Structures are given as structure tokens and as C-alpha cells.
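Novice: If you want the building blocks of each chain, they are given just below.
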Amino acid sequence: MPEIQRFCTFTLAGHCLGVEVERVQEVLRVQEITPVPLAAGFVHGLINLRGQIVTAFDLRERLALPRRPAGHSPVNVVIRHGEESVSLLVDEIGDVVEAGPGTFERPPETLEGPARELIRGAHKLDDRLLLVLDTDRTLDGVADGR
Amino acid sequence: MPAMDEAAREFLVESHENLNQLDRDLVALEADPSDEETLARVFRAIHTIKGTCGFLGFSKLEALSHAGEGLLSLLRDREVLFGRDIADALLAMVDAIRRMLASIESTRTDGADTYTAIITSLRGLQNPVAREQRADSPAAPNSPAGRGVIENTIRVDVDLLNRLMTLVGELVLTRNQIVQLIASGKEPAWTSAAHRLNLVTAELQESVMKTRMQPISNLWSRLPRQVRDLSATCGKRVRLEMVGAETELDRSILEAIKDPMVHLVRNAVDHGIEPPEAREAAGKRAVGTISVHAFHEGGQVHIAIEDDGAGVDPDLIRREAVRRGIATSDQVAVMSDHEALNLIFLPGFSTARSVTNVSGRGVGMDVVKTNVERLGGGVEIGSVKGEGSRISITLPLTLAIIPALIVTCGGQRYALPQTSLLELVRLEAGAALRGIESMHGAPVYRLRGNLLPIVFLGREFGAAARSTRSARAREEDVNIVVLRTGACTFGLVVDGIEDSEEIVVKPLGRHLGKHPVFAGATILGDGRVALILDVTGLALRARVMGEEMAREPKPAEVAATTGEAQTLLILDSHEGGRIAVPLSSVARLEEFPRAAIERIGSREVVQYRSEVLPLLRIPHLSPAPAGESDPGRLQVVVYSHAGRSAGLVVDRIHDIVEECVSLTRSDDSGVLGTAIIQKRITEVLDIPSLVRHEAPEIFGTPVRVEATV
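For the record, the sequence lines run as chains A and B. Under our numbering, the first sequence has 131 at position 131, and the numbering climbs by one with no breaks. In our numbering, each residue carries its 1-based index in the second sequence increased by 1000.
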């Protein structure tokens, strides 16, 4: 990574994750979600984004993290994926953070399960680790889901 | 593709249209060479192509069309007469032009081929044949007939129309939302504004939809040519009739049925119409007729392809189906001719060549059916051996906005396309539990005497199963939506039925695009997303499709016998014979895992509804222990009398039929008699007496009892 990148950060089960800012279309708070029976587990449902129907993915489920405690409503991070928009459900939205190649490292060994595949690496920020999510892998893997 | 300038693009679009018209006109001229109007139109079309391509610098195309124009001008002046050889040459020219246009579209040049052979033959035909001169044609070549249409028409990019359609869809949804909101308030000014909005939106929607409508003649324009060429190849003589060519369809639907349509007409020529000699031998006219019809009815488009050919022999289909392993000989034996004919729509039937030769039809019929059903339509075949066949297709008018019924299940709303909807059945609390019976674990409902397979939407969706089951347990009303897809009719049990609504179909994202049960999604009046159920997908998933054909009671057979119809459970005896049990003496049908069998003394028992259910194995009827066809599961017919129950172990439950049977009485105890059911000799058992005989300790000494349920 040759230059400084800007990441839209969010939290997920205590982790701090980020996706490239240019991939993010918008962030939405409470949305009515229509579940899709018989779809893969990480397909959380469909939301109405100004007349466009957008599939919402439960990122906790995708990364095999514990379920979101009841009563916590997730935040929709709508990202562009190819021709369409999809929503990633996260716990809380954070700041936009800048990070350069100097702080980047390959995935830490502590990462297990599907996260190892889907996390590109981490930026060592002063106060925490920023895990960089590979959105394409995250979503392309889903296409082959059940 | 390199950027193409406006003039060239315009030329391509226009020429493609002209060519399709040319095909049709040339075939028409061959049949009626005296049709001067058509000839003039052909001349103009070629003249236009020649002029424009000269202007654009496509010299090879110009040379070819010039040769064609020369011949046509002689034809127009009656210097030569239109005949088959001329038709052949001109059609070959049309094909060559088409290839050049394709080349222009992809490479911006008219290609390397100069088509000299075609040009030579066009020139060769220009030698005037000495014939008696007719009166000069008075019609001027540039008749102004078409002017008005042209001046009132503009070309619009299809993408733009699609975008308009999407926007109108949005507007419809917003309208729904606003009308709903305002209906809950009491402001008269708002109400009347909402009313106007409602009207304007409806009108706008209709108009925009109309821009996408095209007459089916666009699709049919190539049929005469195809029929002509194919019948020449097959050595047949065929006349094509087209009725209702002005019938309009949404262009997306038109596009989607193009291939099925061509396929069906080809089939009719290839396999339907007999060779002229065979036709004459059968006392028919040597020229066969294929007619295609299209018309609007009931908000749908109906298309039929009819031929007066040999028809399809249902017995041949039956034999082929058995040979191909699609159905067993038992199954085909009980099928009506109509059902047997419909076997040709099954996938296994269509692919094999030999079937085509034997049965007369079949290649790709499953593809036709799949394509049509994917559009929310249906296809049926009717045929009379020796007289011809008719394939009927029904299609929705448009795909983008459809009327739908909104149902609820597990707290969610789902949209069901109205085209699949037959009727709604509501079972009042109390009747509900008895209304839906179990046929060997498969729930069924008796709808006017016919058994309707039942699918519980909640159960199909797994997670929401609780709601449906508890509703039944609490004896609430049960809502059955009777749906039809192709030849399959089934009842869908949902939690609730809401309104009918016009919905805008929106595709599911890539990640859900191949979902088996949902055809798309829509946004309802309150802004929430609802999934649209794919009725065909649902039927396949619930496995009610395919089996239903063999299961449906045969109206013809019922009508043929007299007396009162009764419902019989048909079982396979383990000795290979057939056994029937009056359903009235059966409390229910159950399935237990073998592991559930326990023993009290010498008797096998299972726990059933918190009670002990003794299992009986009855000679003839029950297989020996461990001799069942499914070693893991036990099929049990539960009999109840005076508060006591027993389970009869059976091998396999075959069917449920409703029939008027004439019994030949039997003296055997435990047997009511024998009857012919579904063309097979079947023993009808007297369950009460059998059970008393088998388990006197449970049901006491023999007394005359009425069957209990």
C-alpha cells in the first residue's frame, strides 16, 4: 500500500474494523429489516433504501463472532459491491481514520476462523488495532452460500 | 465496439425492422404474386437500404441491394413474374444483408464477402420472360399510405423506457404510501389531493406501460419464412395462419417467448403436420395448416399454436414415459389421456431424439414450459390423435408491475402473484383440525371432492414453523390459498390474508438471485420490503409438483360408475397385490421411527399422543417385522373405536382415491370384497372386523359397529 488510506471504522463484538472510505456509500441507523427465509445465515434480510432493495449481511455471523446481544440494534454500513449496494450490519459506527503503509501488518495469529480469510491485515493505531476488512471476499464468499 | 455515429446506428435499427418485414412480405408474395401493395413495400424497403448504405459508404451492401432493386423494379413493372425461384433468390439476399448488417454492427465494415453468387442469380432472373402483359400497375411506388404513422412516431432508447418504468414504479409505491397515510387522517383537502394523485399515477403507469408494449407481429414476422423454409426441407406443404397479430405484449415478455414460440412452430411443422401423401391417405387436404393465435383475456395474453396434423398418441407417450423411467407402468395406466400428454413437458422426456420420432413431439418442451412459467405463465397441450394438436400459452401482460395478494406468515408479509391464485379457502376454527387430513404424513385437504396437497408456508420456512402449528393447536381459523402452477394445484396454508395490491417487482440482489422460493421483492405501502413468492419454486421445494398428476382423482372414471363415491386408501400389500381401506374407518395415518417400537408382553406398542398405541400386524396387509420397504420408518394406519386405538402396520401407502366402487362381496372375514380401482383388482378390507379379530382384548367381542372417525 503505497499511500495513506482513509478507513471508515466500526466496532463488532469489541473489535475495531475498517473498510476503505471510497467503498462506503452511506451509513444508516435503524432500518426495518425483512428476513429472508431459507437464505444463508449471514443474510440478515432486506432493507428499503429509497426504493432500492438492499441485502443486509450480518457481519458478526459472517466472521463467526458471537451473536449481537438482544436489544442492540445494528448499524447499516451500505457499501458498493460491483453493480449493486449491500449493507453490512455492524455494532457501532466509528470515525474515519487515516493510516499509511508504515503501520500495516499481516493478520495477527490471534485471528481465527473465517476472519483469517476475510481480514486483510491490521493497522497498529496508537490506542488499538484497526482490522481491515476485505469486502470483496466477505461478499463473494456469500454468493456460494447455501 | 467502436463508437458508431448516429446515422449508422439509425440505419441499422431501421434496416433490421425492414428486413423482418421483408421476410414476411416475400413469403406472402410467393403465395399471391398479384399483391401490388406488398410488392411496392418490398421495393421501397430495398430501395431505402440501397440509398442509405451508398450514402454511408458500405459499397458491397450497396452492390447487393442494387441487384435486388433491379429485379424488384422489373417485378413491379410486371416484366417478370414472381415465382419460387425469385422468392428463393430474394430471401437469400435478405439473409446476406442481415449478415452484412451484423458485420457493420460489430466491425463497422460490411465484411469481406461480396456475395457474388447471389448478385449473379438476382441478375440472371432479370431476363424478362415473354408473357402476356397485364394492365400497367397504377399504384405509385411511393404511396403515401404510411406517412401519417411515420410522422407521429419517434424512436426512443429502450434503456430510457426502462428507466421511466422504474420511476413510475417508485411513484406507484410512494402513491400507495401517501394514500395509506392520508386515509388514516381526516383532512378533506388532503383526501381529494390523494385521490387525484391516485388517478394521475394510475394513468401515468398505464401510459408508460404502453410505451413498452409491442404487437406480437414483431415476433411473428419471421414465422412465415421459417415455416416456408422448414416445410420445404421436410417435404411438407404447410399454410401458416396468424390471428391476432396486433395483440400487444410487454417487450420483455415478447423477448422471453421468442425462442419458445419459434420452437413450437418448428415442432408443429416438423412433427405435427404429416407429409402430403400421408395427409391425403388420411382424407385430409394435402396442405397442412398451422395457425397461431394471440388475444387478451382476463388481464392475460393467450397464445395458441394449433396444427391439423397427426396429433399425439397418448398411448405412445405412456409407453415412452415408462421406457424412459419417467413414470411406472402403474402410474401411466391410471393417467387420463390429458395427463399422459402433459408428460411431454417433463425434462427427461424431451431431450432424446428417438422420442421425437416416435411420439411426434418433445424436443425441448420442458424448456418451453420452464421459460413460460418463469414469466408467471402457463402452458398446456391438447391433442386428438389424427386431428391435430394445440398448445396454449398464457402470459401476464407485463412483468414489472403485477397484481398480488399479500399474505402473512410468521409475522412477515409475502406477496403472491395473482396469476397463480385460484381461490381462497378459510377453515373456521373447529373445522380446521379435521379439514386438513394427513395422507401418510403428507397433509391434504378435500376441496370439492378432490384431494388438494397442502403446503404449510411456515413449515417450509422452518424457523417460523411454530406459528402455524400453534395456530392449529389453538384451533384458530386456517387460511388456505389455492395456487396453480402448470398442471399442479396445491393449497398453501398461511397465517393471514391481507389485501390485494399492485406491486412493483424488484430483483433480489446477486446474493439472493438464485433463491429457490422467491421471485423478487417489493416495497409495500408502509415502506417495508416484502418478498414475492415464486409459486413454481415453492411447489418444487415442497415436492407437491410432479406427484400430483398421478394422485388426482380421475373425473372420467368417477363419472363412469354409479352409486355414491367413497374415499379409499390404497395400500400395497407386501405380497404384491393391492389393498384398499375405506378412509372412513381410518382415524389417521402416522409414521413412526422403527426405534420408537417398545414391547408389552408379546405385543409391539409405540407411544402416541401420551398414550400406548398397540401395533397390529395383519396377514396380507402388514409386512413381516423388518420386512418393510423402508427399514427405518414404520407406516401405520390408526384405527379408533370407543376411545381405544390401535395401529395397523402397513407396507406402503400408495394413494388416496375417491371413487364409486362396485364391490364383489367376499365371504372371507375381514374382507369387504374386491373391486376394480384404478384399473387394478383391489381387495377392500373390513378394518373393524380385522382389528377385533386381531386384538380382541382391546376392542372386545365382535359387535356390529359403524365406522368411526
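FYI, nobody ran anything at the bench for these hints, they're computed from the structure. Warning: the hint list may mix true and false statements.
[Unchecked claim] Computed Cβ-Cβ distance ranges for the label pairs, DEER-style:
#1 B:Gly1441 - A:Gly82: 40 to 48 Å
#2 B:Glu1498 - A:Gly82: 29 to 37 Å
#3 B:Glu1498 - A:Ala70: 40 to 48 Å
#4 A:Ala64 - B:Ala1429: 38 to 46 Å
#5 B:Thr1174 - A:Gly82: 50 to 58 Å
#6 A:Ala70 - B:Arg1163: 41 to 49 Å
#7 B:Ala1596 - A:Glu105: 54 to 62 Å
[Stated by the list, open to error] In the SDA-like style, the derived pairs of lysine to any residue whose C-alpha atoms are separated by at most 20 Å in a straight line are:
#8 B:Lys1514 - A:Leu38
#9 B:Lys1258 - B:Pro1275
#10 A:Lys124 - A:Arg106
#11 B:Lys1210 - B:Pro1403
#12 A:Lys124 - A:Pro37
#13 B:Lys1050 - B:Gly1083
#14 B:Lys1258 - B:Met1213
#15 B:Lys1385 - B:Arg1319
#16 B:Lys1385 - B:Leu1424
#17 B:Lys1514 - A:Pro37
#18 B:Lys1514 - A:Glu20
#19 B:Lys1060 - B:Asp1032
#20 B:Lys1514 - A:Gly41
#21 B:Lys1284 - B:Glu1241
#22 B:Lys1514 - A:Arg106
#23 A:Lys124 - A:Leu38
#24 B:Lys1060 - B:Ala1028
#25 B:Lys1514 - A:Gly82
Remember, it's a predicted structure, so these values are computed and weren't measured experimentally. By construction, the Cβ of each residue, glycine as well, lies at the ideal position given by its N, Cα and C atoms.
Novice: For every hint, state whether the structure bears it out.
Specialist: Results for each hint:
no., hint, in the structure
1, B:Gly1441 - A:Gly82: 40 to 48 Å, "holds, 44 Å"
2, B:Glu1498 - A:Gly82: 29 to 37 Å, "holds, 35 Å"
3, B:Glu1498 - A:Ala70: 40 to 48 Å, "violated, 28 Å"
4, A:Ala64 - B:Ala1429: 38 to 46 Å, "holds, 45 Å"
5, B:Thr1174 - A:Gly82: 50 to 58 Å, "violated, 28 Å"
6, A:Ala70 - B:Arg1163: 41 to 49 Å, "holds, 43 Å"
7, B:Ala1596 - A:Glu105: 54 to 62 Å, "holds, 58 Å"
8, B:Lys1514 - A:Leu38, "holds, 12 Å"
9, B:Lys1258 - B:Pro1275, "violated, 27 Å"
10, A:Lys124 - A:Arg106, "holds, 11 Å"
11, B:Lys1210 - B:Pro1403, "holds, 17 Å"
12, A:Lys124 - A:Pro37, "violated, 40 Å"
13, B:Lys1050 - B:Gly1083, "violated, 23 Å"
14, B:Lys1258 - B:Met1213, "holds, 15 Å"
15, B:Lys1385 - B:Arg1319, "holds, 16 Å"
16, B:Lys1385 - B:Leu1424, "violated, 37 Å"
17, B:Lys1514 - A:Pro37, "holds, 13 Å"
18, B:Lys1514 - A:Glu20, "violated, 29 Å"
19, B:Lys1060 - B:Asp1032, "violated, 31 Å"
20, B:Lys1514 - A:Gly41, "holds, 15 Å"
21, B:Lys1284 - B:Glu1241, "holds, 17 Å"
22, B:Lys1514 - A:Arg106, "violated, 35 Å"
23, A:Lys124 - A:Leu38, "violated, 40 Å"
24, B:Lys1060 - B:Ala1028, "violated, 28 Å"
25, B:Lys1514 - A:Gly82, "holds, 17 Å"
Hint check: violations occur at hints 3, 5, 9, 12, 13, 16, 18, 19, 22, 23, 24; the rest are consistent with the structure.
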